[in-house]
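Peer 1: Please construct the entire structure, taking both the sequences and the accompanying hints into account.
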Amino acid sequence: MYFQDLHHQYNFIDQEVFFEQLEEWNQLPFQLLSSPEELRPAMRFFPALLFQILATALLLLPPGTPDPVFDSLKYAGGMTFEDLATDYSDSGAAIVNLFGKNALDEVTVQAQFIRALFQKYTAHVIECWHGIAAAIRDAQELGMHRDSLDPKPGDSNVESILKNQWRILRRRKMYMILVSWDINMAVFLGRPGSVVWAHGLPSLPIDAPTPADCSKTPVESRDESVDPPTLVTRQIFLFRAADALRYVLDLEPDGSHPKDFSKVDHVHQLMKTLHDDMPAAFRLENPDRRWDDHPECSRWIHNTRLYLKQLHFFGIMALHRPYIFHRKESRVEALRAAVNMLGTQRKTFDGLPLVQWRGFHLFFGSFDAVVVIASVFILFPHESPELRDSAVRRFHWTIAKFEAIREHNAVARAAQGVLNAIKSRFIKAVGNDTPGLSPASEATSPPQNGKAADQTPDSSRTGLTGGSGSNTSSTNLSLGISPSDESSAIRSWANNASTDGVNGWSLLEDSLSTLAPIYPTSDLFFNDLVAKYGETDMASCTLDPVGAQQPSADGFGLSCQFDGAFAADNTFWQFMNQFNPDFTG
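Number 388 in UniProt numbering belongs to position 388 of the sequence shown; there are no gaps in the numbering.
Keep in mind that a hint or two might mislead.
Computed list of lysine-lysine pairs in PhoX-like fashion (alpha-carbon distance at most 25 Å, straight line) [what the hints assert, rightly or not]:
#	residue 1	residue 2
1	K101	K152
2	K152	K216
3	K328	K272
4	K259	K328
5	K216	K163
6	K328	K263
7	K163	K152
8	K216	K328
9	K272	K259
10	K259	K428
Label-pair restraints from in silico Cβ distances [said to hold, decoys possible]:
#	residue 1	residue 2	range
11	D243	A568	24 to 34 Å
12	D288	D90	36 to 46 Å
13	D260	D569	21 to 31 Å
14	E127	S513	34 to 44 Å
15	R289	D528	41 to 51 Å
16	E23	N97	18 to 28 Å
These are calculated hints, taken from the structure and not from any lab test.
For glycine and all other residues, C-beta sits at the position ideal for the given N, C-alpha and C.
Peer 2: And the structure:
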């Protein structure tokens, strides 16, 4: 299940090498197993990797559904597959710790990475962040960070030399993925990265076709005109995207009031140029479809187009997010990117098999985008009217998505209470009327600079081919909102503003000069962000239906408050607790 459903998303383990190691493990004499110090390093740590792969694969099984094959693995009454998976993953981590750092191997790094992946899937995001840092340190201990420390072939025969070349390629691929994860998590969580880019990085792996036999095939770059794209093609582009994200971290020391915003605009242009230079097979608009049905690409290429598009929008949003309270240009760019990202998320989710609802990619960026959209329309309700309809539709759809996946997705479940409170304040700002969700309106991105964005011809095919072999059933999410055309949606906003007094307040940017940048996911996991209704944590509450009446009280008409272990008293959440739009302007 792991190699069928998850491997193509990460490609951290070479499948052929893994099964060779599994065969070697199965052939080991019993007396060697009782003396593990006599095993070669790869075999010492192989059980740790095996436990982590089994643990992650068990998370793909539908919760609460009897399974004739895997139920026999449960050894305690009332045990769930997640309980069993946690037990396996903890056992794998214990094996890694058993041998310490004296005899590390590349298998150690793989086990650490899959352990971090497991922790991400089970909402242990802080532990995942630390786990990636540990994997990076182990990789550096093995010399993966320097070309000069590449391993040497065992002897001078051709087969040994060729196998060593492929081993070097795998090492460079692993380190490239670790670096990409490091920078993405740093930006996503608002935390420092573990890799110092100024110290230099090893060469990138060669994008070579998968060999039939490593001992007989030299490492040569694929011919783009005749060879299909590979997972390494995808990962090299993801690394380039991470390189652009690195500049977002470099801007942080300047704070939310930099002396010169030209640096921000320059990074924005770098991201746009990178997006324009995307390999044609990975474009969402007008892609090169030659390889769509190729057996080596069909499982992952459609979802890759969506993921890279979403990652681009996340980068733009993350770049401008620190300045949305102080600079209108950044506010508009962050809002547009957030709205576009939620639209891409919908295309990703539609038709997605239920077994994949646990995936972190359904949470990645969505929570931050919801908060960005809400904060802009709550504090600046008169701005960006051209984005309002799309923003509201996609905001409510995303809220409904989180409600739908909460039983399957621990990360979404952790954000439930905060989403409740944000949704209530958002409805107060924009009103209860929701623009219709006709397929035509959702297929088009919000206007950009007065013009409609490009159509997405690939969207009808994406999200449908990355399904699990173990469970291919899918669920299309209904919001319970009656479809309506765009003209009626626009009229609803006009009537809302004129009759209900919605959007009747205004707020000067100067009044927000001391407000700290928002890092919603970081606050959720590092600062224990919650929303409370009196003394009750709202995390266990279901989200109200769209258009439901909100309780009346002072300010926003709400008595729910945001709470958390904040180091400062100028956070967005504390401001929301005190903000009273009725007395603004």
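Peer 1: Each hint: holds or not?
Peer 2: Verification of the hints:
no. : hint                      : verdict
1   : K101 <-> K152             : 21 Å, holds
2   : K152 <-> K216             : 17 Å, holds
3   : K328 <-> K272             : 19 Å, holds
4   : K259 <-> K328             : 16 Å, holds
5   : K216 <-> K163             : 8 Å, holds
6   : K328 <-> K263             : 16 Å, holds
7   : K163 <-> K152             : 10 Å, holds
8   : K216 <-> K328             : 59 Å, violated
9   : K272 <-> K259             : 23 Å, holds
10  : K259 <-> K428             : 35 Å, violated
11  : D243 <-> A568: 24 to 34 Å : 31 Å, holds
12  : D288 <-> D90: 36 to 46 Å  : 44 Å, holds
13  : D260 <-> D569: 21 to 31 Å : 29 Å, holds
14  : E127 <-> S513: 34 to 44 Å : 36 Å, holds
15  : R289 <-> D528: 41 to 51 Å : 47 Å, holds
16  : E23 <-> N97: 18 to 28 Å   : 26 Å, holds
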